[in-house]
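Student: Next come the chains, spelled out residue by residue.
There are 4 protein chains.
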Amino acid sequence: MVVELEEHIKEADQKVINDFLASLGYKIAEVKTQKSHYLIAIGKNEFDIRKLGNKPGVMDVHRVSDEYKLVSRKWKAAPTIIDLGGGISVREGGFTMMAGPCSVESEEQISKIVDHLVDTGVPVLRGGAFKPRSSPYAFRGLGIEGLKMMYRIAHARGIKVISEVMEISQIADMFDYVDIFQVGARNTQNFNLLHELGKVDKPVLIKRGISGTIEELLQSAEYMFMSGNEKLILCERGIRTYEKATRNTLDLNAVPVLKEKSHLPVIVDPSHGIGIREFVEPMALASVLAGADGVIVEIHEKPEEAASDGQQTLNFEESGMLFKKMNDVFAMKKSW
Amino acid sequence: MVVELEEHIKEADQKVINDFLASLGYKIAEVKTQKSHYLIAIGKNEFDIRKLGNKPGVMDVHRVSDEYKLVSRKWKAAPTIIDLGGGISVREGGFTMMAGPCSVESEEQISKIVDHLVDTGVPVLRGGAFKPRSSPYAFRGLGIEGLKMMYRIAHARGIKVISEVMEISQIADMFDYVDIFQVGARNTQNFNLLHELGKVDKPVLIKRGISGTIEELLQSAEYMFMSGNEKLILCERGIRTYEKATRNTLDLNAVPVLKEKSHLPVIVDPSHGIGIREFVEPMALASVLAGADGVIVEIHEKPEEAASDGQQTLNFEESGMLFKKMNDVFAMKKSW
Amino acid sequence: MVVELEEHIKEADQKVINDFLASLGYKIAEVKTQKSHYLIAIGKNEFDIRKLGNKPGVMDVHRVSDEYKLVSRKWKAAPTIIDLGGGISVREGGFTMMAGPCSVESEEQISKIVDHLVDTGVPVLRGGAFKPRSSPYAFRGLGIEGLKMMYRIAHARGIKVISEVMEISQIADMFDYVDIFQVGARNTQNFNLLHELGKVDKPVLIKRGISGTIEELLQSAEYMFMSGNEKLILCERGIRTYEKATRNTLDLNAVPVLKEKSHLPVIVDPSHGIGIREFVEPMALASVLAGADGVIVEIHEKPEEAASDGQQTLNFEESGMLFKKMNDVFAMKKSW
Amino acid sequence: MVVELEEHIKEADQKVINDFLASLGYKIAEVKTQKSHYLIAIGKNEFDIRKLGNKPGVMDVHRVSDEYKLVSRKWKAAPTIIDLGGGISVREGGFTMMAGPCSVESEEQISKIVDHLVDTGVPVLRGGAFKPRSSPYAFRGLGIEGLKMMYRIAHARGIKVISEVMEISQIADMFDYVDIFQVGARNTQNFNLLHELGKVDKPVLIKRGISGTIEELLQSAEYMFMSGNEKLILCERGIRTYEKATRNTLDLNAVPVLKEKSHLPVIVDPSHGIGIREFVEPMALASVLAGADGVIVEIHEKPEEAASDGQQTLNFEESGMLFKKMNDVFAMKKSW
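Those protein sequences? They're chains Z, U, L and X, same order as listed.
1 is the number of the first residue of the first sequence in the numbering used here; add one for each residue after it.
1001 is the number of the first residue of the second sequence in the numbering used here; add one for each residue after it.
2001 is the number of the first residue of the third sequence in the numbering used here; add one for each residue after it.
3001 is the number of the first residue of the fourth sequence in the numbering used here; add one for each residue after it.
One or more of the hints may lead you astray.
[To be verified] Derived pair list, reagent style SDA-like, types lysine to any residue, alpha-carbon separation capped at 20 Å:
no. : chain 1 : residue 1 : chain 2 : residue 2
1   : Z       : K244      : Z       : Q311
2   : U       : K1333     : Z       : E318
3   : U       : K1244     : X       : A3245
The set of hints was computed from the structure by calculation and includes no laboratory data.
Since this is a predicted model, take the numbers as computed values, not measurements.
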């Protein structure tokens, strides 16, 4: 059960509520986010919910039986809007394109990509400064200096930046140089990292785990939400299955399911999802109609020379065409 | 290697070709389909392919290293067109909608659905007469009488019929009452059944196995092709994964992969694929942009009263809307 | 609910029982096996079960809520014993080794293997006469003549024979030349085949599907049981997962689970299960302690020359050692 | 390629080696572990390996084409021995039992368990002080104070301690109170954590990821090894599959595969692996014969009252019996 409290609830009123719930055998977790103040009550005793709703200091009460509460649509039907400033947002009813290289490599690389984003109307630049790699012998990214450079070039042209954070100690360093923190698939259940990101006043995009369930993704978002951060974006990026004809199995089924279960916006990453360049376009287009609120796509001026993930990266011509088509599809969808 | 022979090749010429291949250590499978005459040569010795191409009686030669040969686009680049008569076909460049109930239940049921198909421009009726069921205690269908009734009502209105065949002995009984035989996911590797369907002069739609790979689906199609039947349709219907929020994981990634690997048309079954009524529409729409050549959807006048699979079945209002939207999307796609 | 009826129940008594169950809203399936006579009643209404147990003609009644009934241990706690004659059986409390080549190839091959089985105390010979193959261009076996030869050589030495049946039409041909029919992983849900095998008075070993659940395996066994055949053996043979370091993922977890859920004996196939020769021994030995009632192992005099599956086949020295160790382990287990 | 250097190699000699490899197009990673000094050379050019082996300062050279190098048996055939002091070790040729509660709960709980371990000859106590939980509302452990208490009680009786580390910041706090750090399945690809654990002079047991491949587990171990820590233990703990009859699918196949590919010892966790109390014993026993060098088992005086994971936890009677049987099986295995 989720109980939303009034902003300036009196201590005595809150004690009454706590005692009432405790007397019914409920365990209580108090949650203060950047936007609001909640009690999460965990228990099973039946009682007339109006007895709680009538108490002074209570704004709203909902029963939510899911393992996640605050990110559930049962609690909050209105979709969450992630405002990135400058008229750019991630939200239901919009379609936000994010694109950029797998790894930040050089100023020239980033400048050309930012020009391309401006030309094609893509408002958010992605780019990895810290790269998680299965093999310890693979390229691990330019680090914080790469991020600063990317941020400087992008912001000079009004483009927002999303980049992956891998470790608690990077949060403070990265804070001033990202508009959205990204949590990668290997860290989706790094609960300490999630807890710290919950304290940060900046949006976080969290990817589904490599073989994470839809419920686990929502529980991981709940971790951040209950630590204080409501500005969350969910991202489907492909799951691990027995099928090896594609890098991962992009699970577009997750899109309508997540949209129904949660009020958070949902983004699709077709590049990692299918992992093969010539199939990124059909899967990206399909994402729009599956109900995604945006996509995040890997692009590079010369994919064959990219420091990582070139085999799933679009060049400028391919991506320019894709952005145009996605806009067409989204416009048609809005017209229905 | 695939060698296409001239229609009336002389026996002596064919012997020369056989001897030539045998001398190089190749094993030869001779394939006569309803359309053509092939030699499939399995082996690894290198030789100048022109020495074979020049021989009398040889029309065409291609190296195909896949485990499947005749269904590969490496052999035949031109897409296969499945002509159902009456101006109806399944083919690349078209989008063929198929719809109907999970199980044939009654004349009234079928009549109403056929009216709905005519009204909404859907040319093919699906309906199960023989039902494969995991539990021996579940409803197993009306059998051949149900199929005859369905065929009669549909054909009276110009609608074609697709229905599942589960067993060799049913092929002859069903032959006059289907326009397309359907092979279900549990029979995708029932090789004896495939062999017999290969001898039949009627299109066959084959579903991907419950946890079948893309390659296995193509190999199963190859079984039918090499037994003589070139009129084959591939169908993605969801695979089994660890994710239980949906009935199956509809693998739309398979669509562009199959389209690239094979010249056969590819259909998507979103109803079984995701298995939850409210999510069928987004996945069906996404299928169009993933590159499918059609869909097969479960519909029923009153899904809540359906004898089977009601939880994934659309009613007439929902399906009418979906058919219209799919046409819109396909028209936009053609315009690009 | 399972109701076991007396052997010569009077028609009038049975009608009373049927009417009683129908009046409670139960649907009834009547099952006559080679051993007994049952009613399977499907429904949910609560009632005092003694009212049914007291009726004339009723021997026993049990509530069984699983999707499978007659193969459940909730119905029949005593383990099923499969008597093969000649003092050989498959059963809980015993450990039955089965071994032989993937494919029957020649008289010489079979003679040498039978000698080896006799020498090492293995009572059952396996060998494929009809081979299901994913690729239509692979070796498909010697057919019925191979089976007859295998049966003749094995029976001359007191060895029993198990071989795979792929198709209804093969049942009659094979009947006189097998002691156990084997249903392969690709046919586990070939319900028409199961139905026909249910009418046969000969044991059937059924393998778990390639990605079959434990529950589906039990439901498939139920199909045969309710068609009349109680002489069933379950076989774990590895499932399909994302892990590609092994051919399949032999799921030994299934062994204790199946043993708890069903009264049928459970056999393990480590050869297909892990699919790599040097790892067959550890997995076979582990199977004994996981609780298996036997194993079925691929052996060949010269695995590197086998017509199929050589990479997972043990030679005589390896298999002789393995048989001895399995006996040691089983003896220790019995001593606990 | 792995090049082991002499302990006090001259700078000039090392430069010669570096230049030689660079001239062949190899990239070089220099690795100094607590035991030795290596160059890892990544490249593909062919050359006579003796030209490198002959150079001053080179102790040994091996080609290792795997994605992991230093943990490979191709590099180091001799098994790694993890010496815990007090005559206790984890190693091939031994069988080390580890047992304890999922979560540390109280002094009384730990004291009773330690008594039980001493009585039954189990040398290592497991117990979670920091608990990773999918749901933010679940019990998260007693923290560092719980660990200190556990360590004090265990060491007073000569028992070693293993406990999970979730976050870099915990390493220093935990260092004095564990004999083995444990990396949980959700952190197997937390590369920053692995990097830091590589700098620690204490054994680390790393679990396979929730859906991690065998190769990924070895690559994760390689991360720690190349950061300096050679005292590594691999642990199979069940993978995620479609099968839901068990909590996870304990993949015993991984045991012989890991033992062949790596020189590191391999432990099995049957408790998380199958996740159901009555099936822990058969899977633990099976692990011994699959080739494991030890097990880690969850036990509790009263599993039904455990703060977490009670459904997969053995009581003292059950675990005492299991320890005895595992010793019997291991003794038999050694006798072969």
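Student: With reference to the structure, classify each hint as holding or not holding.
Tutor: Hints, verified against the model:
no.: 1; hint: K244/Z <-> Q311/Z; in the structure: 15 Å, holds
no.: 2; hint: K1333/U <-> E318/Z; in the structure: 16 Å, holds
no.: 3; hint: K1244/U <-> A3245/X; in the structure: 13 Å, holds
Of the numbered hints stated above, none is contradicted by the structure.
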